[in-house]
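> Sequence:
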Amino acid sequence: MCFAFLGLLIELFFTGLGPAITRQDWELEGDCSLWMIPVYGLLGIFVAPVSGALKKRHVPLVLRAALYMVLIFAVEYLFGALFDFLGLEIWNYSKRPLNLHGYITLTYAPFWYFLGLCLEYLYRKLDACAAAWAGGYDADALMRCGLDS
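Numbering of the sequence shown is given in the numbering used here, commencing with residue 1 and proceeding in unit increments.
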């Protein structure tokens with residue numbers, strides 16, 4: 001759920017900030033769809049096992065980020081196609097350059113690359129907190145969990 005809510009917040013932030021930058025619209029009104037909750041939630045579920053497996057194999061950070069980016073593009077494409085099949089148009093990149101069927105646009109590659117790194121970091125912190133909680137740590141220890149790694 002944490003990843004789902006984080007995704008909605010990021011979407012609201014960027015959809016509100018975009019018009020401010022491009023049109024000097026300072027109302028900062030963002031928008032998102034509740035249909036995105038499972039999309040963002042699945043990204044969190046996929047990042048966890050992939051992150052662990054890649055780190056165990058000592059895959060360099062730069063390559064891990066590239067793999068996360070590809071995973072994000074794959075999830076975005078699959079859900080774009082699914083929503084299209086269901087008659088929903090949650091997003092449409094067909095007017096953007098470097099798009100594939102309007103479901104993804106490669107212009108977002110740098111953002112997805114960076115987001116993958118952030119998701120890995122967030123997962124590591126959440127995992128440390130969950131381990132601390134399961135181990136019976138007190139509230140002070142839970143507040144500090146994962147801060148030293």
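If you're looking for bench data, these hints aren't it; they were derived computationally from the structure.
Here a beta-carbon is modelled for each residue, glycine too, at the ideal position from N, C-alpha and C.
Some clues are possibly wrong.
Pairwise CB distance ranges (calculated) [stated by the list, open to error]:
no., residue 1, residue 2, range
1, L82, Q24, 32 to 38 angstroms
2, A81, G18, 22 to 28 angstroms
3, S94, D25, 36 to 42 angstroms
4, D31, A53, 17 to 23 angstroms
5, N99, F13, 30 to 36 angstroms
6, G18, H58, 19 to 25 angstroms
7, L78, L17, 38 to 44 angstroms
8, W26, L82, 19 to 25 angstroms
9, T107, M1, 46 to 52 angstroms
10, A134, P97, 44 to 50 angstroms
11, W133, R23, 18 to 24 angstroms
> Kindly indicate which numbered hints from before are broken by the structure, ordering the numbers from low to high.
3, 4, 5, 6, 7, 8, 9, 11
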